[in-house]
Amino acid sequence: MSLNYKTIVAAATFAGLLSSNAYAGDLTVVSWGGAYTKSQVEGYHKPWMAKTGKSIISEDYTGGLAEIKAQVESGNVSWDVVDLELSDAIRGCDEGLFEVIDHSSLPPAPDGTPATEDFIDGSLSSECAVPNIVWSSIYVYDSSKVRNWNAPKTMADFFNTEAFPGKRGMRKNPRVTLEFALIADGVPTSEVYETLGTEEGLARAFAKLDTIKDDVIWWEAGAQPPQLLADGEVIFTTAWNGRVFNAVAAEDKSFEMVWDGQIYDLDLYAIVKGTKNLENALDFVKFATATEQLAAQASWISYGPARKSSAPLIGTYHDNPDIQMLDHMPTSPAALTNALANDFMFWADNFDEINEKFNAWLAG
Amino acid sequence: MPNVVEPITAADGTPLKKKLARALFRSKLRAAGLVLPLFAFIIATFVVPIFALMLQGVHNDTFYTYMPRTAEVLNDWDGESLPGELVFATLAAELAKGKKERTVGKVATRVNRQYSGARSTFTKTARKAVKMEAPFKEAILKADKKWKRVEFWQAIKLTSETWTPAFYGAALDYELKLNEGFERKVEKERIHVKLFWRTLVISAVVMGCCLLLGYPVAYLLATLPLKTSNLLMILVLLPFWTSLLVRTTAWIAILQSQGVVNDILVWVGVTSDDSRFSLIYNMTGTVVAMTHILLPFMVLPLYSVMKTIPPAYVRAARSLGATPTLAFLRIYLPQTVPGIGAGGLLVFILAIGYYITPALVGGQSGVLISNMIAFHMKSSLNWSLAAALGGILLAGVLLLYWAYDRVVGIDNVKLG
Amino acid sequence: MKREKYASKIGRPQHLPSNMVTCFYLTLFIFSLHSGNIMLDSSDPFVRFKNVQKSYDGETLVVKDLNLDIAAGEFVTMLGPSGSGKTTCLMMLAGFETATHGDIELGGRPINNIPPHKRGIGMVFQNYALFPHLTVAENLAFPLKVRKMSAAEVEDKVAKVLDMVQMRAFGDRKPAQLSGGQQQRIALARALVFEPDLVLMDEPLGALDKQLREHMQYEIKHIHESLGVTVVYVTHDQSEALTMSNRIAVFNDGVVQQLADPVTLYEKPENAFVAQFIGENNRLLGTVKDVTKGIASVELDNGDMVKALAINVGGKGERSLLSVRPERCIVTPKKSRGLTALNGRIEELIYLGDHIRCRMNVAGDDDFIVKVPNTSSQLGLVIGAEVYVGWETSDCRALDYLY
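From first to last, the protein sequence lines stand for chains A, B and C.
For the first sequence, our numbering begins at 36 and goes up steadily by one.
For the second sequence, our numbering begins at 2 and goes up steadily by one.
For the third sequence, our numbering begins at 2 and goes up steadily by one.
Rather than coming from a laboratory, the hints here were simulated on the basis of the structure.
Please note that the accuracy of each hint is not assured.
[As the list claims (entries may be wrong)] Residues of chain B clear of chain C, computed beta-carbon distances all greater than 10 Å:
| hint | residue |
| --- | --- |
| 1 | Lys100 |
| 2 | Thr163 |
| 3 | Ala323 |
[Claimed, not checked] Simulated pairs of lysine to any residue, SDA-like, Cα-Cα distance not exceeding 20 Å:
| hint | chain 1 | residue 1 | chain 2 | residue 2 |
| --- | --- | --- | --- | --- |
| 4 | A | Lys392 | B | Arg199 |
| 5 | B | Lys147 | A | Lys248 |
| 6 | B | Lys146 | A | Glu229 |
| 7 | C | Lys146 | B | Tyr333 |
| 8 | A | Lys180 | B | Asp275 |
| 9 | B | Lys379 | A | Asp249 |
| 10 | A | Lys180 | B | Ala254 |
| 11 | A | Lys308 | B | Glu102 |
| 12 | B | Lys189 | A | Asp249 |
| 13 | A | Lys392 | B | Asp77 |
| 14 | B | Lys125 | A | Lys104 |
| 15 | A | Lys104 | B | Arg103 |
| 16 | A | Lys248 | B | Arg277 |
| 17 | C | Lys149 | B | Thr324 |
| 18 | A | Lys104 | B | Lys379 |
| 19 | A | Lys243 | B | Gln365 |
| 20 | B | Lys147 | A | Glu388 |
| 21 | C | Lys175 | B | Val315 |
| 22 | A | Lys392 | B | Ser380 |
| 23 | A | Lys73 | A | Val169 |
| 24 | B | Lys186 | A | Trp396 |
| 25 | B | Lys107 | B | Lys186 |
| 26 | B | Lys189 | B | Tyr175 |
| 27 | A | Lys392 | B | Lys146 |
| 28 | B | Lys308 | C | Ser298 |
| 29 | A | Lys104 | B | Leu30 |
Even glycine gets a Cβ: it sits at the ideal position worked out from N, Cα and C.
Generate the whole structure from the sequences, applying the supplied hints.
Right, here's the structure in full:
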């Protein structure tokens, strides 16, 4: 009997899994998976479902616009809301892949500040997307491994192979990598993109990268750098701060982040053009990017809320009251001492060309 | 004298050929009916998409679709100096329209591929174009200084052409210039040809490694008693049953500098702790991981060929005076050529298209052209360039296939 | 049929090759080969199996204590049913199997540790084993090239051997383009082209149709006789063995049952297995009552008393199998003096032209065959007739009890 019952349940579950794509839920929200998606489920999805009584299907993807473009162009849209990087949001908006969202319709801060002023400066530059978090590219080392050097402090240290011999992990992407090189080479953060926009500046960045080229292990997926570091494959690696925080808070790793020269960026919600659940999608995006929800999410992962009004509401890590989340945010005062905001316009214009040069440099 | 042959007729006087054709028609019809669904399926899911994608490599009508009149007036432009007011006026009108219909971004992205930085120039100018008044030339030139550059206009004219060899050129590291034709990119920016070569070389090396490792295994499989060979066969097929990512990740754990192999080498004393070997995140890693993954594709065709070679041949050679080595080289090896050919082709063609494994373990020196194609398909959305790269890869494979046919003969391939 | 073949073997002069051209070329080739042959002293055995045993699994012996001497120039056939160990013996001689115990000697030297390619033994395989990727000429040149002969010499020898087997025009073909008979000739030619002193043949004619097989038997026999080469031949076909061999070793159950020339083997089988296996044989079962002066008196199971040559019987009271050849029996309406005579009933008559095959019930066994010569006096036989069947005592052999 019990076996029979189990079989039926298993079969039903399996059938449910198979048909999940076909099943028209109230809303499908797509994000990057892992600890990040979990923070969104806890911070946004669950409260929204509780409030509206509607259901959300959460799916993972690895970024990029290819799938969205395919859905929109084939007229078979199954994703409703997508979490994106800013440059993709802008490019996708240009290509007509996303619905326009009226930023003035977003809920104001609790103190009445209109949304357009509450979101941090420049974050509302895509009319198709609403930002939710600020994340950052930093570099990190493992303080539990005994080395015969002092702790690195600056971006220049990352490039200093004499004082810090060993392999370094870097993302196989010109974005962030070139900025890091210029910062390490002494370019003030305020002049980084100006410099990078010139032939000489670009050459200078590559020349700096040349000094460590033989010592670099290139990573592509966000999960790789913490692994490389934990395995001892590299002494330093660039990484996304949330992933590192997760390794520290949840997996007890003794990774130390170096905030000097960090480059922060936004993740945003956009609504896929042609969705059948436009009303639900709009309601969800407005709800999720409200002050309280952004603050709630911040207790699950160390990405900073995109609204200024969320900052005072940020508490401690969800299962460890000793960890003050604000200390680990890219937006904390300490982290911002020498920081650079990612210039999405620069990259939207120049990514293709620079990436080609970057790849040629890599292969050369 | 011409030799006139009377057609043979059936008993009722109709020509025999006609009679036969009629008799066979029904059975042919039935056979066609059986094949038709698969045929239609392959056409719809394989031939048409591939053809459509290949078409993208030479055909890109984004600009023409959204700015048809600008494209037309640009046709009459000589490409030597800044165009006249007519072109600017048309451009302004269509930019304004594009702004309203939200299509200007698509055009901007398209032009940006030809001319870096064009994207923001287009979107910026489009925002202003809504309120522009004549003379448009002045207004547009004021909106962004890039409009003053002739080479910017040349890039626009190039993108306005629907049929273009530019992507194939780019795929071979050539840049298309208006009125000048193709120009080879500067040394530092040439990458595709290098990657094509690297892909071919790595695929060939992987094929060679698979052959070296797979041949003895296949021989064992074919000669061992059934019970033992079944067990061995399961071991050979095991990689098929594990996920590609799991296998690749396992190689990372084994080959990395703090990994199993290096630990053993340090322990044995082959190398010291601070000069461990780099076995992964480079070409070595790619070759090792790909060889492992593709090995079954070499073993199985070899096995199926070896299975059909009776031991009597080698015995005969031995009895005729040949040493074991000679008997192998002159008698056994030549008879396994169909298996080597089939396995080699399979492994080579699969290796050429691999991109997940090189991406994970290839580092910078182990990256292949397919990684570049995947990048342009998935990230940069430059499908035209991806199509051109893919088209060249396909042509390369077909060329190799043709060469193989000429040298070995394709009927000399046995897949199982 | 078998009887007929036997008669031709012993009674009539040798068959001539059907084709005179073959004969001519054969002679040519034979002369060309003979100059290079080393003649051995015929008193020493050329091949010797000494107490050879073979086991594959360590539990059962496939070959049990084999002792066999083969003289130079002899044509010896290993004959036996499948699984009798004959092929294993051949493979041990060729060097593809190693003897578990005992020695194999070739030309006086033990060869147990000599690899096959150094033994210099030519071999014709069951399915010819012609190399499919080489042409006929390349197949024939193979043993010469591995011996590093000069190109001219190779070409010369290949041409000669192709002539010998009448396949001159086929040198450029691949084996797959040849008929079975042609492939067989090439396989034979390949085993001979490097002029070995010993040639092994493993059921080489098994895949041919009957007519071709008989023709090839004569060709092989002639080649053997003209070249003086020693041949060890394995077959399960007794008529093939009788046609070609100087001596035949009958194998059963890993043991040589009898080693003798064809006449002895047929006329004087030493045990029941050989009597049954070679030629057609009538068997009568009974118990020995008395043995005097080489004559055994046996009481058949139905009570009749029969006298027979005591070849392989135990003492009084032992069971025995009596063997009488069908062509040595006569059918008579009445008992005649001097002959052993038993009652019999005719069960079946088959008219075969030169003789009538008469199946009878004798001593309770209804499978008793008598070959009745087709003479006018014998045409009165009818089914169901009660007659006598008789034979000379010297044609009846009392052997070991097999069943």
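Now for the hints, and whether the structure bears them out:
1. Lys100: About 72 Å separates B/Lys100 from the closest Cβ of chain C, which puts it past 10 Å; holds.
2. Thr163: holds (54 Å)
3. Ala323: Since the minimum Cβ distance to chain C is about 5 Å, B/Ala323 lies within 10 Å and the statement is violated.
4. A/Lys392 <-> B/Arg199: The given pair, whose Cα atoms are some 18 Å apart, holds under the 20 Å limit.
5. B/Lys147 <-> A/Lys248: With a Cα-Cα distance of about 35 Å, the restraint between B/Lys147 and A/Lys248 is violated, given a limit of 20 Å.
6. B/Lys146 <-> A/Glu229: Between B/Lys146 and A/Glu229 the Cα gap is close to 17 Å, so the pair holds against 20 Å.
7. C/Lys146 <-> B/Tyr333: Distance ~17 Å between C/Lys146 and B/Tyr333 Cα, so the pair holds.
8. A/Lys180 <-> B/Asp275: holds (14 Å)
9. B/Lys379 <-> A/Asp249: Outside the cut-off at roughly 28 Å; violated.
10. A/Lys180 <-> B/Ala254: holds (19 Å)
11. A/Lys308 <-> B/Glu102: holds (14 Å)
12. B/Lys189 <-> A/Asp249: Holds, because 18 Å separates the two Cα atoms, which is no more than 20 Å.
13. A/Lys392 <-> B/Asp77: Distance ~34 Å between A/Lys392 and B/Asp77 Cα, so the pair is violated.
14. B/Lys125 <-> A/Lys104: violated (24 Å)
15. A/Lys104 <-> B/Arg103: holds (15 Å)
16. A/Lys248 <-> B/Arg277: holds (18 Å)
17. C/Lys149 <-> B/Thr324: holds (13 Å)
18. A/Lys104 <-> B/Lys379: holds (10 Å)
19. A/Lys243 <-> B/Gln365: With Cα atoms ~17 Å apart, A/Lys243 and B/Gln365 stay inside 20 Å; holds.
20. B/Lys147 <-> A/Glu388: With Cα atoms ~17 Å apart, B/Lys147 and A/Glu388 stay inside 20 Å; holds.
21. C/Lys175 <-> B/Val315: Roughly 18 Å between the alpha carbons, so the hint for C/Lys175 and B/Val315 holds.
22. A/Lys392 <-> B/Ser380: Holds, because 16 Å separates the two Cα atoms, which is no more than 20 Å.
23. A/Lys73 <-> A/Val169: Within the cut-off at roughly 17 Å; holds.
24. B/Lys186 <-> A/Trp396: holds (14 Å)
25. B/Lys107 <-> B/Lys186: violated (26 Å)
26. B/Lys189 <-> B/Tyr175: holds (13 Å)
27. A/Lys392 <-> B/Lys146: violated (25 Å)
28. B/Lys308 <-> C/Ser298: Violated, at about 60 Å.
29. A/Lys104 <-> B/Leu30: violated (42 Å)
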